[in-house]
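Asks: Here's the letter readout for the chains.
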Amino acid sequence: MTAADRRDESVQYATFEVGGHYLGIPVLQVQEVLREQYLTPVPLAPRVISGLINLRGQIVPALEMRTLLQLPERAEPEGTLSVVLRTEVGLVSLQVDEIGDVLEIEGAAVEASPANLEPHIRRLLSGVCRIGSRLLLVLDIHNAVDLTAAYGLSGSELN
Amino acid sequence: MESQEIVTEFLLESSENLAKLDQDMVELERQPANRDLLASVFRTIHTIKGTCGFLGFDRLSALTHVMEDILAQLRDGRRMLDADLTTMLLESVDGTRRMLASIEAGQGEGPVFEHALIARLEMVRDGKTAIAPVARGSAAIADAGPPPEAGPAQASAPATGRTGATADSTLRVDIGLLDRLMNLVGELVLTRNQLVQHNAGREDSALNAISQRLNLITSELQEAVMKTRMQPIGVVWNKLPRLVRDLATTLKKQIAIETDGAETELDRTIIEAIKDPLTHIVRNSCDHGIEGPADRVAQGKTGQGHLTLRAWHQGGQVNIEIADDGAGIDPARVKAKALERRLITEEQAARMSPREAVNLVFLPGFSTAQAVTSISGRGVGMDVVRTHIERIGGTVDLASQPGHGTTVRVRIPLTLAIIPGLVVQAGGERFVIPQVNLHELIQTAEGGTEIEFAHSAAVLRRRNALLPLADLCEVLGLAPARRPGEASVVVLQADQHCFGLIVDSICDSEEIVVKPLGNQLKPLNCYAGATIMGDGRIALILDVAGLAQRTRMMDAAARAVRAAGSAAVDTADARRGLLLLFQAGSERLAVPLGRVARLEKIAASAVEHACGRPVAQYRNRILPLLELPQADTGGREEDVLSVVVFRSAAGEFGLIVDEITDIVNESVVDAVGSDRFGLLGSAIIGGRVTDVVDVDSLAETAAWASSGALARLGEALSASGETARCEVLQ
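First to last, the sequence lines map onto chains A and B.
In this text, residue positions in the first sequence follow the working numbering: the first is 1, and each later residue adds one.
In this text, residue positions in the second sequence follow the working numbering: the first is 1001, and each later residue adds one.
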C-alpha cells in the first residue's frame, strides 16, 4: 500500500485509554475484548509480558501497555481490559485501562508522529490524529508486539 | 460377477481417476499439445476399460472403448482437441460416472443404457459428423430422446445415501484442520473436567446426569479425534526396503528386510518425528551391524543378513524394534572407546554391566566405526537418535549379543498432544515437569541425613556422589512459599546430566494437554509449553534441558561436581572457570575449583593436634586443618566436618567449612580487594556478595616450618629408618 492509497482510505479504529493517553488500533485486527482475565505470570519473561491468558484453551501472552509506553504502573490492577489482537505472531493481548468508541478516521487525518517524541515511543506509533480536543495515538501493532528489544534490553536481568 | 471386494476396489479407484480426468481434460483443452497429459488421460480410460471388461461390465466397456479410440486419434495427431470435442469427452466421463454410480448402487450398469452417447461418440470417431454440429446435436439428442441423465439419476438418487459411501468413504482433510480439531477437543476435555469437578459436591441429580453424559461423549469424541490423526507406522517403513537395497548394493552386502506390525498406528506428529531416527538406526544396522557375505559365511551364518522391524502397542505406548543378525556390539570395545574419549571413568567402566556398556554408544561424541563411511559415521551418531526420540518423550535402549546381532528398542508415546507430567508448586505457581525427564522424588526434612542444606540448598549427597541442586524459585526469581528446611527435591535428567530441582511441594502427576507458547516467549528456553489445569488456570511446562542450562548444571559443571564428589578430581580443563561455593559461619565464600584437590568429610573425633595445631590423618599423612578466623565456629556441633582440601607447593591442607553449597560456572562481577587474613576480597558471584579465599596465604600458614627446619628434623629422625614426615606425626 502506498502512502497515497492510505490517505484516501478511511480506517475504523478501536480506541482505548492507557494512563491518560488515548490510543487507537485498526479495528479489523481486534479479535475481542475481555474483562478482568486471570493472568498467569511468566517468571523470567520481559517485564512487558504481564502474564498469559487462557482464551478458550488458547494461550495468549498479555502485554502491559503501560509498561510498553513507559508509563507509571497501574494503581489497582482490577478492571483491566484485555484487547486481543490478531497479529503476525499470533494472538496477543494488550492490557489497557478503558475501552472507547470505534472511530472512522480518514487516512489523511492521521499525521506523522511528532519528531520530538522519544524514539522508543515513536517506534510504537504509526501516527497521531486530532479527535476533538484530544490526540489519538495510532499504534503500530507490528512494532508494539515485537519484543526483540525487550529481550535484548532485559538480557542481563534475565540471568 | 467377481467378488464384491474387487468391484468395490474398482469403484473406488475409478471414482478417483474420474475426478482427476475432469481436471486433466480441462487442462488438456488449454494445452492440447501436452503429450504427458494426453497420455495420462488415455491411461485412465484404458484402465477403466480394461477392468470393466474383466469384471463383465460390457456396456461400460463399450463406452470407454469408444472414448479410448478418440483419445488414440488425438494422441496420434490425427485429430486436434477443441472445445466441442472436450465437451463431448467430458460428457462421456459423466456417462461413465453415472454407470459407476449405478453399479455401486447394486443395479448393474443402470436401467438406461447410454445409447445415444455411444452412438454420437462413434460418429465422431469415424469422422461421419463434423464436430461442431455434434455439440449442437448432442443437445438435440438429449432433448429428443429419453433424457439420458433422468434414468440413472433417479435410480442412483436413493442409492447415494446408502452406498455412495465407497467413493466418499475416504476424504483428504487438511492437517491444520485436524490440529485445530484436536485443540478444541483438548479444550472440551478441560471444560468437562471443570464441570465434573464443580459438580462433585452438589446434589443436583439432573445436572449430574447431564454432566455424566457429557463426560462419556467427550471421552468418545477425544478418542475419535485422536484416531483421525493416527497413521500406520508403515508410512515410514515403506521407504526402508528401498533404502536397505541401495545400502546393501553400496556396501556389497546382502540384506533382507522384514517388517511386522506395519499397521501399528501412531499420531502423525510422532510419525514425522521418528522418521529420521529410524532411518538412522537402519543405516547403522546395515553399515556397522550386518557383515559382508564372506564374513558371515565364515561365522556359519547365511550369506544374507536379516533386518527385522517390529512394531506393537503396549500399555499406551508403541514399541518399535529394529533387530539385525549382524556382528553385534562388543561391550569391551565400547568401554575402551568411551574411556579413550573420556566419556566415562575407569571406575565407572569397571562397574558397568555389558548391557550398560553397549548403551554407551548413545553418548555424545561416540562412534565405534573405525572409519567414516559415506553411509554413517559423520559425527551425528546414536546420540542424535536418542536426543530426537527423547524429545518426543520416548526412550531408546540397545541390547546386543556379540556375534549374533543387535536389537534397538524404541518406546514412544502414542501422541504428543497429551503427555504425563508431574505438577509441582514453587513460589505459589504451578509448574509441570514432563514425566520423561523425571528420575526420582526426594522429600527432605529437618535433620535429613544426606542433605546438606545451606539456606539456599545446593548439594545433596546421594549414593556417594554430589547431586547439584537448583532451587526452582531462585532460578525463576520467585519467592519460595515453604517452611525453611522443608522442601521436595525432584531429581531430573536432561541429556546426560542429573540434577535436583528444589520445589515447594509436589502435587500430583496427571495427563496434561500440551499447548505451545507463542513466539513471544520462545527466547525463554526454560519452558516447553503450557497447559490448562482442571480449574482453568494456566500452568507452564518446564523444559528440563533449558532449565539445566540456565542453572549451569550442564556439561563441565556437572562432570566436575561428580568428580569432586567421588574422589580425585582429574582434568583441570573441566574445572576452569568453576568456583566452589561454601559457607563458613555467616560468610559465603568462594574459591576457584582448580585449586581444590578434593572435598572430604572428617569425623570431628578424628581431629588431632600436632604442635598445637589441628590436624587430621589422611592416607598416612598429616593434613593440617585451618579455619578462617572470622568464621564463627563456637556453635559448631556436627560430628562430621566438611573439609575442602587444597594442594599447594608445601603439601596439602584442609579448610574446615560449615557447608559446601554449590559449584558454579559464574563470571565474577565487580570485585573489591581486602586485607583481611585469608581473603583476596569480595565479589558478586551468582548475584550475591561472596568473599574469595586467598589459597596462597592459607598455604603459607599451613606450611609446617621452613624447609631448613624440616631438613634438620629429617636428619635427626632418619636414624630410625622411618621417613621424616611420618615420624614427626606419630
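Think of the hints as simulated: they come from the structure by calculation, not from any bench.
These numbers were taken from a predicted model, which means no experiment stands behind them.
The beta carbon of each residue, even a glycine, is placed where N, CA and C say it ideally should be.
Among these hints, one or two may not hold up.
[Stated by the list, open to error] Example chain A residues on the side facing chain B (calculated, C-beta under 8 Å, incomplete): (1) 34; (2) 43; (3) 55.
[Stated by the list, open to error] The calculated DMTMM-like cross-link candidates involving lysine to aspartate or glutamate, where the alpha carbons are at most 20 Å apart (straight line), are: (4) B:1020 to B:1091; (5) B:1601 to B:1659; (6) B:1515 to B:1535; (7) B:1522 to A:88; (8) B:1239 to B:1220; (9) B:1239 to B:1174; (10) B:1515 to A:9; (11) B:1522 to A:146; (12) B:1515 to B:1091.
Asks: For the pair we were handed, residue 1239 of chain B and residue 1220 of chain B, check the Cα-Cα distance against 20 Å.
Replies: The given pair, whose Cα atoms are some 34 Å apart, is violated under the 20 Å limit.
Asks: Regarding the pair residue 1239 of chain B and residue 1174 of chain B, is the alpha-carbon distance no greater than 20 Å?
Replies: Answer violated: residue 1239 of chain B to residue 1174 of chain B is near 23 Å, above 20 Å.
Asks: Starting from residue 1515 of chain B, check that the Cα of residue 1535 of chain B is at most 20 Å away, please.
Replies: Holds - the C-alpha atoms of residue 1535 of chain B and residue 1515 of chain B are around 16 Å apart, at most 20 Å.
Asks: Does the closest beta carbon of chain B sit nearer than 8 Å to the beta carbon of residue 34 of chain A?
Replies: violated, 14 Å
Asks: Hint residue 55 of chain A vs chain B: min CB-CB distance below 8 Å?
Replies: This interface hint is violated because 10 Å lies over the 8 Å limit.
Asks: Given a cut of 8 Å on the nearest C-beta pair, is the interface hint for residue 43 of chain A held or broken against chain B?
Replies: Hint on residue 43 of chain A: holds, closest Cβ of chain B at ~4 Å, below 8 Å.
Asks: Would the pair residue 1522 of chain B and residue 88 of chain A pass a check requiring their Cα atoms to be no farther apart than 20 Å?
Replies: holds, 15 Å
Asks: Decide if the proposed pair is consistent with the structure: residue 1601 of chain B and residue 1659 of chain B, CA atoms, cutoff 20 Å inclusive.
Replies: holds, 11 Å
Asks: For residue 1515 of chain B and residue 9 of chain A, compute the direct alpha-carbon distance and say whether it is at most 20 Å.
Replies: violated, 39 Å
Asks: Are the Cα atoms of residue 1515 of chain B and residue 1091 of chain B separated by 20 Å or less?
Replies: violated, 51 Å
Asks: Do the alpha carbons of residue 1522 of chain B and residue 146 of chain A lie within 20 Å of each other, as the hint requires?
Replies: holds, 12 Å
Asks: For the pair supplied as a hint, residue 1020 of chain B and residue 1091 of chain B, confirm whether the alpha-carbon distance does not exceed 20 Å.
Replies: holds, 15 Å
The structure fails hints 1, 3, 8, 9, 10 and 12 (numbered hints given earlier, in ascending order).
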